[in-house]
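Can you make the complete structure from the sequences, with help from the hints?
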Amino acid sequence: MSTARVALRSNRRPLLLLLILPVAWMTVFYLIPIGVLLTHALFSVKYPKIDHHLTLVNFQTFVDTELYIRVLVRTVVMAVGVTLCDLLLAFPVAFWLARRVRRNREIALFLVIFPLWSSYLIRIFAWKTLLGTSGILNSFLQWAHVTNAPISFLLYSKWSILIALTHIWLPFMILPLYTVLDRIPESLLEAANDLGAGSVAAFRTVVLPLAKPGIVAGGLTTFSLTMGDYIAPTLLGGPGDQMIGKLIADQFGVANNWPLGAMLIIPVLLIISTILLLANRAGAMERTAG
Amino acid sequence: MIAVSAQPRRSLGRTALNASVCLVFLFLYLPLAVIVLYSFSAEKVNVWPIGSYTTHWYHVMWHDPEVRKGIMLSVRIGLSAAGLAILLGTLTALAIDRYAFRGKALLRFCAVLPITLPGIVTGVAMLSFFSVTGFELSNRTIIIGHTTFCITLVLNSVVARLAQIPRNLGEAAADLGASPLRAFWTVTFPLTLPAIIAGGLLAFTLSFDEIVVTLFLKGRDATLPLVIWARLRRGFSPDINAAACMIVGVSFIAVMIATVITRSSRSAQ
Amino acid sequence: MTAPISVGAAIELADVRKQFGAVVAVNGIDLNIRPGEFLTLLGPSGCGKTTTLRMIGGFEWPSSGSIRIAGADVSQLPPHKRPVNTVFQQYALFPHMSVAKNVGYGLRMARLPGREINERVAEALEMVRLPNVADRNPGELSGGQQQRVALARALINRPSVLLLDEPLGALDLKLRKAMQLELKQLNREVGATFVYVTHDQEEALTMSDRIAVMSRGAIWQIGSPAEIYERPASRFVADFIGQSNLLEGVVEQVVEASALIRLAGGAIVGAAISDGIGAHEDVLVSVRPENVFVSEQPSEGGIKGRVADVVYLGAYLRLLLDVGQARLLAANVPAGSSFVSGAEVVVTFPASKAVAFRDQEAVDTM
Chain B
1 MSTARVALRS
11 NRRPLLLLLI
21 LPVAWMTVFY
31 LIPIGVLLTH
41 ALFSVKYPKI
51 DHHLTLVNFQ
61 TFVDTELYIR
71 VLVRTVVMAV
81 GVTLCDLLLA
91 FPVAFWLARR
101 VRRNREIALF
111 LVIFPLWSSY
121 LIRIFAWKTL
131 LGTSGILNSF
141 LQWAHVTNAP
151 ISFLLYSKWS
161 ILIALTHIWL
171 PFMILPLYTV
181 LDRIPESLLE
191 AANDLGAGSV
201 AAFRTVVLPL
211 AKPGIVAGGL
221 TTFSLTMGDY
231 IAPTLLGGPG
241 DQMIGKLIAD
251 QFGVANNWPL
261 GAMLIIPVLL
271 IISTILLLAN
281 RAGAMERTAG
Chain P
1001 MIAVSAQPRR
1011 SLGRTALNAS
1021 VCLVFLFLYL
1031 PLAVIVLYSF
1041 SAEKVNVWPI
1051 GSYTTHWYHV
1061 MWHDPEVRKG
1071 IMLSVRIGLS
1081 AAGLAILLGT
1091 LTALAIDRYA
1101 FRGKALLRFC
1111 AVLPITLPGI
1121 VTGVAMLSFF
1131 SVTGFELSNR
1141 TIIIGHTTFC
1151 ITLVLNSVVA
1161 RLAQIPRNLG
1171 EAAADLGASP
1181 LRAFWTVTFP
1191 LTLPAIIAGG
1201 LLAFTLSFDE
1211 IVVTLFLKGR
1221 DATLPLVIWA
1231 RLRRGFSPDI
1241 NAAACMIVGV
1251 SFIAVMIATV
1261 ITRSSRSAQ
Chain D
2001 MTAPISVGAA
2011 IELADVRKQF
2021 GAVVAVNGID
2031 LNIRPGEFLT
2041 LLGPSGCGKT
2051 TTLRMIGGFE
2061 WPSSGSIRIA
2071 GADVSQLPPH
2081 KRPVNTVFQQ
2091 YALFPHMSVA
2101 KNVGYGLRMA
2111 RLPGREINER
2121 VAEALEMVRL
2131 PNVADRNPGE
2141 LSGGQQQRVA
2151 LARALINRPS
2161 VLLLDEPLGA
2171 LDLKLRKAMQ
2181 LELKQLNREV
2191 GATFVYVTHD
2201 QEEALTMSDR
2211 IAVMSRGAIW
2221 QIGSPAEIYE
2231 RPASRFVADF
2241 IGQSNLLEGV
2251 VEQVVEASAL
2261 IRLAGGAIVG
2271 AAISDGIGAH
2281 EDVLVSVRPE
2291 NVFVSEQPSE
2301 GGIKGRVADV
2311 VYLGAYLRLL
2321 LDVGQARLLA
2331 ANVPAGSSFV
2341 SGAEVVVTFP
2351 ASKAVAFRDQ
2361 EAVDTM
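Respectively, the protein sequence lines represent chains B, P and D. Residue 290 is where the first sequence ends in the working numbering, and the numbering goes up by one at each step. Residue 1269 is where the second sequence ends in the working numbering, and the numbering goes up by one at each step. Residue 2366 is where the third sequence ends in the working numbering, and the numbering goes up by one at each step.
Worth flagging that the hints you see were computed from the coordinates, not collected in a lab. A virtual CB, placed ideally from N, CA and C, is assigned to each residue, including glycine. Treat the hints with caution; some may be incorrect.
[Stated by the list, open to error] Computed beta-carbon distance windows for the label pairs: (1) D:2108 - B:16: 26 to 36 Å; (2) B:210 - P:1163: 42 to 52 Å; (3) D:2318 - B:101: 24 to 34 Å; (4) P:1037 - B:111: 14 to 24 Å; (5) P:1101 - D:2075: 16 to 26 Å; (6) P:1109 - D:2206: 33 to 43 Å; (7) D:2361 - P:1101: 36 to 46 Å.
Have a look at this one:
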């Protein structure tokens, strides 16, 4: 609501007053820090201090160390995998919410949203409990005489990371999908049916294309968050399942090589930005987040 | 007509849909259910079947000084971050709703960035900034970090609500002699309050639970998630389940209240 | 209430122009509104009437030009500082306040003592005949009641100027007609200058002291309802107000304020004419159907024509006549008349009831 939604004869003072605090905050505490971080990639470490002379040594290290490249690729593959799994699982729920739930939709939405708010750390930890050799799943399977010996490959492997991250980000995929699917008028599907398309064809030719912005928005979030995650690989991954997030965290932690850590972040940011730009092209930047 | 012969196919499709939805919800809630269940388990390890049930771990957790301090700190930080986020988010929301200016889309994009980019980016960026500027890491830096990604939560909530309020209410207030400040206080603010509270609650919940950014920005004290994290690294102890349930419980109440407030304010219009 | 409770202010708009981006909503209008008068801005949607009203109220700022109220330039004043109150189109009642709190809002902003506020709120609700709703919420009231609350909320502040932005649009017909008369009466009682916006020409004719007919950002004609109705000065006004026949012709001779015009079919008619139009100019002659006489008796003078259609309208018949013009001429005749399609007739109308003007696409800037 507005008193006068026009420049008051070049009196923009109210607008400036409103924005000065938030803009200052975001600039000082987010934009500038990002800048500082990125410039750190050009410094180096002369133990224990950071040498502030500009250098490309970190870039060299990154390119030369086969481990880093490998871990980066592994992270991207995991991110893609998690995104695809989330897409697969989210679609039925989003569809059901948008087109089958008439009354009490808020309750259903609450049920989807709530896990999102109930402790990321705990849920990852819960998978540890669920998937371990003496964990609940195995105990249950043996108790139900489905297996005789514990399944050990689940925990401390890339499977546990995949399952856990798919689980964690799932609401992030459901919500934008729900938003776009909700917007599709029923009459479109009826028209498709009327013109001879069965349910599957109607889905493929009407629903899917219209759902694209939601798919892209949800996929972007899922992909981006997985790219940077390191709690899951730390708690649930084996020694060979490191993801780039963990490497970066180590550089800022025990390894104390911040410049290298900053350098490692750059490919992550680049990859995410590229996907973001592509997504923008595909028109996902409509408001799909509810 | 196609409809008739599609009947059995349609109900099959419907069953398939309902079944998959059920499975997905199961998948969504299984870990939570597990945590809640095992917080009441008397066993020292998480095995199935559960031998006996007890509320013992809740007592242990509740009387654990480290956990208590963690809860206190998490609450304090959550309230501070939510409060700051409410201030900054509401100011931005008012600007976005009332004025047309270039850079509006950029502003919203920047606000949502801290939440869209992985927490590690926010964490290490702020860490390097604080270190370069000589800012000591402490609870204050945690609050700053949390506030930054909580702003967008309040922003989205308040902007959505402002869009619902008829434009002429503000004009009517001005018409009747209210200066912009008084018009805000007597008309806009009361009508927007539910959204501010809902956004604030979501901010609190997010902050209460946050681990990644907190790990990078922490000083000497530990929030509840930090306590849990430390314990998890050391090995498993059963009272962690109880602590986890506490977080889940707090989140549940907060999100529930936020949902109810938003729903009732929407229907009261 | 015998004596007016506020002093109406004069409003002067001088060459006021408003542009939204590339769209010119108000194109340099001059308007002098007399103190205490009931002036209606009338026109189709998009004509700029609401924008003009909002500029008087302070909700839009003129791109150029000046606005004076009671002699003082208010162009830089925000709405809350102007001696103006507004009744909004959808009433804009505050949903989170009771009726009493709504009505007393302006007085609270003026920081009047509580007791006085309560007294005046009761008085205001009496004035709009809603004495019993003080504690109810706006959402519980009917449209008509909400409208009166909005009125009370505005008038309680004793403004010199009351702006009304199509306030009766959401009401049903009967209520609307009743409210029209009430508003007119309130204008007399209260003494404030009323500026009213509507697209309903009947409403304007009923309520106004003067009407300013607007189209495409300009005022085409301003005058009393009688003047506007009986002496439209342009095709637009003639068409917009009531129904009018427009006959194409050329001026033969001008004598003071009247003229003889040769119509396209050959007949010569007399009509009133405004200054500045001379002989041999193309004009339109406007005459209303109710002023047209149709006779089957042949006569000198008069327009020859043929009945194309007879429409039964209950209280009268409407004849549609082919008189050699592009459009059919409409004439109202008594219900019992016995005209039939195809009959040859002669059409006449008194010169005092006809007006001639140029066929303009745009109004000259005044």
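Would you say the C-beta atoms of residue 2318 (chain D) and residue 101 (chain B) sit inside 24 to 34 Å of each other?
violated, 58 Å
Check the following: the C-beta atoms of residue 1037 (chain P) and residue 111 (chain B) are separated by a distance inside 14 to 24 Å.
Given a distance of about 18 Å, which is inside 14 to 24 Å, the answer is holds.
Between residue 1101 (chain P) and residue 2075 (chain D), does the beta-carbon spacing fit 16 to 26 Å?
holds, 23 Å
The hint says 42 to 52 Å between residue 210 (chain B) and residue 1163 (chain P); measuring C-beta to C-beta, is that right?
Distance hint for residue 210 (chain B), residue 1163 (chain P) is violated at roughly 24 Å.
Please test the hint of 36 to 46 Å on the beta carbon pair from residue 2361 (chain D) and residue 1101 (chain P).
holds, 38 Å
Taking the beta carbons of residue 2108 (chain D) and residue 16 (chain B), is their distance inside 26 to 36 Å?
Holds, since residue 2108 (chain D) and residue 16 (chain B) (Cβ atoms, about 29 Å apart) stay within the stated range.
Can the suggested window of 33 to 43 Å be confirmed for the beta-carbon pair residue 1109 (chain P) and residue 2206 (chain D)?
Since the Cβ atoms of residue 1109 (chain P) and residue 2206 (chain D) sit about 54 Å apart, the hinted range of 33 to 43 Å is violated.
The structure is inconsistent with the numbered hints 2, 3, 6, although it conforms to all the rest.
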